[in-house]
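Order-wise, the sequence lines are chains A and B.
Sequential numbering of the first sequence, starting at 1, is according to the UniProt record's numbering.
Sequential numbering of the second sequence, starting at 1, is according to the UniProt record's numbering.
Hint data in this document are derived by calculation from the structure and do not stem from the laboratory.
We treat Cβ as the ideally placed atom computed from N, Cα and C, and that holds for glycine.
Don't take every hint at face value.
Claimed, not checked - The calculated label-pair distances, taken between Cβ atoms and stated as ranges, are:
id, chain 1, residue 1, chain 2, residue 2, range
1, B, Ile76, A, Leu129, 29 to 39 Å
2, A, Lys152, B, Ile215, 38 to 48 Å
3, A, Lys190, B, Glu117, 23 to 33 Å
4, A, Lys55, B, Thr127, 54 to 64 Å
5, A, Glu49, B, Lys128, 40 to 50 Å
6, B, His240, A, Ala136, 25 to 35 Å
7, A, Glu48, B, Arg120, 51 to 61 Å
Said to hold, decoys possible - Taking lysine-lysine and the DSS-like style, the derived pairs with C-alpha atoms no more than 27 Å apart in a straight line are:
id, chain 1, residue 1, chain 2, residue 2
8, A, Lys44, B, Lys376
9, B, Lys376, A, Lys55
10, B, Lys201, A, Lys38
11, B, Lys189, A, Lys53
12, A, Lys38, B, Lys187
13, A, Lys13, B, Lys247
14, B, Lys203, A, Lys15
15, A, Lys55, B, Lys189
16, B, Lys201, A, Lys14
17, B, Lys247, A, Lys15
18, A, Lys218, B, Lys376
19, A, Lys112, B, Lys376
20, B, Lys34, A, Lys112
21, B, Lys53, A, Lys60
22, A, Lys152, B, Lys247
23, A, Lys38, B, Lys376
24, B, Lys366, A, Lys44
25, B, Lys394, A, Lys149
26, A, Lys44, B, Lys183
27, B, Lys187, A, Lys55
28, B, Lys366, A, Lys112
29, B, Lys201, A, Lys44
30, B, Lys53, A, Lys13
31, A, Lys53, B, Lys394
32, B, Lys394, A, Lys218
33, A, Lys38, B, Lys183
34, B, Lys183, A, Lys53
35, B, Lys102, A, Lys60
36, B, Lys366, A, Lys38
Claimed, not checked - Computed footprint of chain B on chain A, listed as stretches where at least three residues anywhere in the stretch have a Cβ under 8 Å from a Cβ of chain B:
id, stretch
37, 120-130
38, 184-198
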Amino acid sequence: KMRRGVGAGAIAKKKLAEAKYKERGNVLAEDQIVQMSKQLETFKTHLEEFASKHKQEIRKNPQFRVQFQEMCATIGVDPLASGKGFWSEMLGVGDFYYELGVQIIEVCLALKHRNGGLITLDELHQRVLKGRGKYAQEVSQDDLVRAIKKLKVMGNGFGMIPVGGSYLVQSVPAELNMDHTVVLQLAEKKGYVTVSEIKDSLKWEKERACHVLDHLLKEGLAWLDSQAAGEAQYWLPALFSELTSRDVTPEEANQMTP
Amino acid sequence: MDRFSWSNGLLEINETLVIQQRGVRLYDGDDKAKLDLGVTLLSTHRLIWRDIKNHECCIAMPLSQIIFFEEQAAGIGKSAKIVIHLHPVPANKEPGPYQYSKYSYIKLSFKEHGQIEFYRRLTEEMTKKRWENTPVSQPIPTGTGSQAGKTRAVGIVGIERKIEEKRKETDKNISEAFEDLSKLMVKAKEMVELSRSIANKIKDKQGDITEDETIRFKAYLLSMGIANPVTRETHGSGTHYHLQLAKQLGDMLQAPLEERGGMMALTEVYCLVNRARGMEVILRKCTHNCNTTLYFHTTHKHLWLFFFLFPQLLSPEDLVNACKMFESLKLPLRLRVFDSGVMVVQLQSHSEEEMIASALDNVSEKGSLTAEEFAKLLGLSVLLSKERLLLAEKMGHLCRDDSVEGLRFYPNLF
């Protein structure tokens, strides 16, 4: 922390330095901060005007939101950084995404006992829409992705894994490396995978395949069906949950393997 | 369908529009054509079809291609159709959507009716054969816009013009918003550049910035949503706003934390706080809507006070930045990050030793515990139960048995 020099000599010295600085055509940082304050007031007015005309557009039109977000990113502005930001206060962008964040967390938490903390973006989308009710604003998958990106900062292991043209959303801090991801992608088509399939498709040794599958079992992301005809099948509840006819309670989940 | 050629849909001199009908789907023989719903137009010379959504997608076929045509009545779940049988493809046909077709007939499926009138007009035109009397001055052009110079359009007929105007108006509303947005972004960009200049100067220590000025600068950055990598190292990301927030959280989270054994995941805090704030908004709207039951999750009455003071929702970053200030404000809460990356808010009073002792006690009593079992015992989330067990393990009080059955902890007797 710099202190302003005290005493007449120090003040004179400082004034000289400033004068020389200005002479070279440079503007002092503190002057620029004053300038910024003024410009900020002007900007706020422009934003208010924009909000009065187009606030509805942001709330109602997912495409417009995408455009808005991309423009912000291009110029180096994050409209979702703070609820106290102008964008949030005047355009209401913040509230939309922060509330969505809450809904995403709640859905993931409710299903964690079943899918181990891994859910397809599609299923998450459907459940969030259902939770929001008929009269709520439309929410696109792009909106979800942006909200999830913001949730990452809270350290709960939120992440997105590309799988089969879409994404799996992770909401637990389970460590998933490239090997795990590739096996998830392989399992995407049928909702399950076998050791042989991994060996055939990925050309891995059996040990490597088993190591990865064991990790998924331990993390609760995969369930073992050892009674399947032929070979043991490793099912990923995140991928097949649309097919199950009823919800499994936590107690029931605990009784199944693993 | 291989008799059609790409077209710009503009009428030739001497060509007149006879009738047009919306909601028409084309069939290649008995198969649905790989095109969406469109408008079909009958002129004195051609059969034209244009995609309703994508106006660039426009195809046409001379009426001379038609041998004969017949009606196909509507059925259950099936629209009425006109089946049109065609001459073979002429050698000089311009390119179109289909290179080849195994069928020599197409169908027009009338999803929005209009089949009767269309059939009548088509019959009339095929009888009169007006295209033979008034040939167009040039061959029918292909492609879109870029070919426009070759043809002289007589003028877009009234109905087509109206459709075009309506589309432009919708586009205009949206494009006005985009235009205003672009202008706004230009101004925002100026702010970003100015802030970068200031940040660089602070970094290079050009000029004499006081603590006050730095704080003000950070507040400006916060308003604009500009990240401040330069000042973060020296002064942290907090502003007065976060300071206020930290104090409020300090008050409001006491009881919830006590109830949950002194620890809450940050995501839990986020939901709790934002739900409480959201309630105020819901209540304001709730004069005639009785769906408040969904929102009565919070069990702490004093959280209601919270939202009167700060009307808007918190961003995840706001929460993290506020929690980081607990220690410097000497509040009885701490933000803590576990090895796994999980972030929690913890009561100072619930010390590390207590938590570890409690974990050891419970595990010893039961012989062994998994995170799920421990969670059930304490009424905590599985996530946090696991962290406590891991912590006790780290301190050497517990050891693990990691199998496919799950992760189980035992007292460390070594």
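Hint by hint, here is what the structure shows:
1. Distance hint check: the CB atoms of B:Ile76 and A:Leu129 are about 32 Å apart, consistent with the given range 29 to 39 Å.
2. In this structure the hint that A:Lys152 and B:Ile215 lie 38 to 48 Å apart at CB is violated, the actual value being about 27 Å.
3. Between A:Lys190 and B:Glu117 the beta carbons are some 52 Å apart, a value that contradicts the proposed interval 23 to 33 Å.
4. Taking the beta carbon of each, A:Lys55 and B:Thr127 are about 59 Å apart, inside 54 to 64 Å as hinted.
5. Taking 40 to 50 Å as the suggested C-beta distance range, the pair A:Glu49 and B:Lys128 does not conform, at roughly 59 Å.
6. Remark: the range hint 25 to 35 Å for B:His240 to A:Ala136 is upheld by a beta-carbon distance near 34 Å.
7. At roughly 59 Å, the beta carbons of A:Glu48 and B:Arg120 sit within the given window of 51 to 61 Å.
8. At most 27 Å may separate the alpha-carbon atoms for a hinted pair to count; A:Lys44 and B:Lys376 exceed this at roughly 51 Å.
9. Our distance criterion of 27 Å between C-alpha atoms is broken by B:Lys376 and A:Lys55, whose separation comes to about 46 Å.
10. About 19 Å separates the Cα atoms of B:Lys201 and A:Lys38, which keeps this hinted pair within 27 Å; it holds.
11. Pair hint B:Lys189 plus A:Lys53 holds up; C-alpha atoms about 21 Å apart against a cutoff of 27 Å.
12. Note on A:Lys38 and B:Lys187: the hinted pairing holds, with a Cα-Cα distance of about 13 Å set against a maximum of 27 Å.
13. This hinted pair does not check out: A:Lys13 and B:Lys247 have alpha carbons roughly 42 Å apart, beyond 27 Å.
14. Pair hint B:Lys203 plus A:Lys15 holds up; C-alpha atoms about 21 Å apart against a cutoff of 27 Å.
15. The hinted pair formed by A:Lys55 and B:Lys189 meets the criterion: a straight-line CA distance of about 20 Å does not exceed 27 Å.
16. Taking the CA atoms of B:Lys201 and A:Lys14, the gap is near 17 Å; set against the 27 Å cutoff, the hint holds.
17. With a C-alpha separation of about 41 Å, the suggested pairing of B:Lys247 with A:Lys15 is violated against the 27 Å cut-off.
18. A C-alpha spacing of about 19 Å is found between A:Lys218 and B:Lys376, which places the hinted pair at or below 27 Å, so the restraint holds.
19. Under the criterion of a C-alpha separation no larger than 27 Å, the hint pairing A:Lys112 with B:Lys376 is consistent with the structure, at around 15 Å.
20. Proposed proximity of B:Lys34 and A:Lys112 is contradicted: the alpha carbons are some 42 Å apart, above 27 Å.
21. Straight-line distance between C-alpha atoms of B:Lys53 and A:Lys60 comes to about 21 Å, which keeps the hinted pair within the 27 Å bound.
22. Of the supplied pair hints, the one linking A:Lys152 and B:Lys247 holds, its CA atoms being roughly 24 Å apart against a limit of 27 Å.
23. With a CA separation close to 57 Å, the supplied pair A:Lys38 and B:Lys376 exceeds the 27 Å bound.
24. A hinted pair counts as satisfied when its Cα atoms are at most 27 Å apart, and B:Lys366 with A:Lys44 does not qualify at roughly 61 Å.
25. With a C-alpha separation of about 31 Å, the suggested pairing of B:Lys394 with A:Lys149 is violated against the 27 Å cut-off.
26. Taking the CA atoms of A:Lys44 and B:Lys183, the gap is about 14 Å. The hint holds against a cut of 27 Å.
27. The straight-line distance between the Cα atoms of B:Lys187 and A:Lys55 is roughly 18 Å, inside the 27 Å bound, and the hint therefore holds.
28. Restraint check for B:Lys366 and A:Lys112: the C-alpha separation of about 25 Å stays at or below 27 Å, so the hint holds.
29. For the hint pairing B:Lys201 with A:Lys44, the CA-to-CA distance comes to about 25 Å; that is within 27 Å, so the pair holds.
30. Restraint check for B:Lys53 and A:Lys13: the C-alpha separation of about 71 Å exceeds 27 Å, so the hint is violated.
31. At roughly 57 Å between alpha-carbon atoms, A:Lys53 and B:Lys394 are farther apart than 27 Å, so this suggested pair is violated.
32. Between B:Lys394 and A:Lys218 the alpha-carbon distance is near 20 Å, which keeps this suggested pair within the 27 Å criterion.
33. A threshold of 27 Å between alpha carbons decides the hint, and for A:Lys38 with B:Lys183 the separation of about 19 Å falls inside it, so the pair holds.
34. Distance hint between B:Lys183 and A:Lys53 is fulfilled; the C-alpha atoms sit about 14 Å from each other, no more than 27 Å.
35. At roughly 46 Å between alpha-carbon atoms, B:Lys102 and A:Lys60 are farther apart than 27 Å, so this suggested pair is violated.
36. Our distance criterion of 27 Å between C-alpha atoms is broken by B:Lys366 and A:Lys38, whose separation comes to about 66 Å.
37. Given a C-beta distance limit of less than 8 Å, the hint that chain B covers the stretch 120-130 of chain A is violated, as 0 residues qualify and 3 are needed.
38. For the stretch 184-198 of chain A, the stated coverage by chain B is not satisfied: 0 residues place a CB nearer than 8 Å to a CB of that chain, which falls below the threshold of 3.
Violated hints, in rising order: 2, 3, 5, 8, 9, 13, 17, 20, 23, 24, 25, 30, 31, 35, 36, 37, 38; the structure is consistent with all others.
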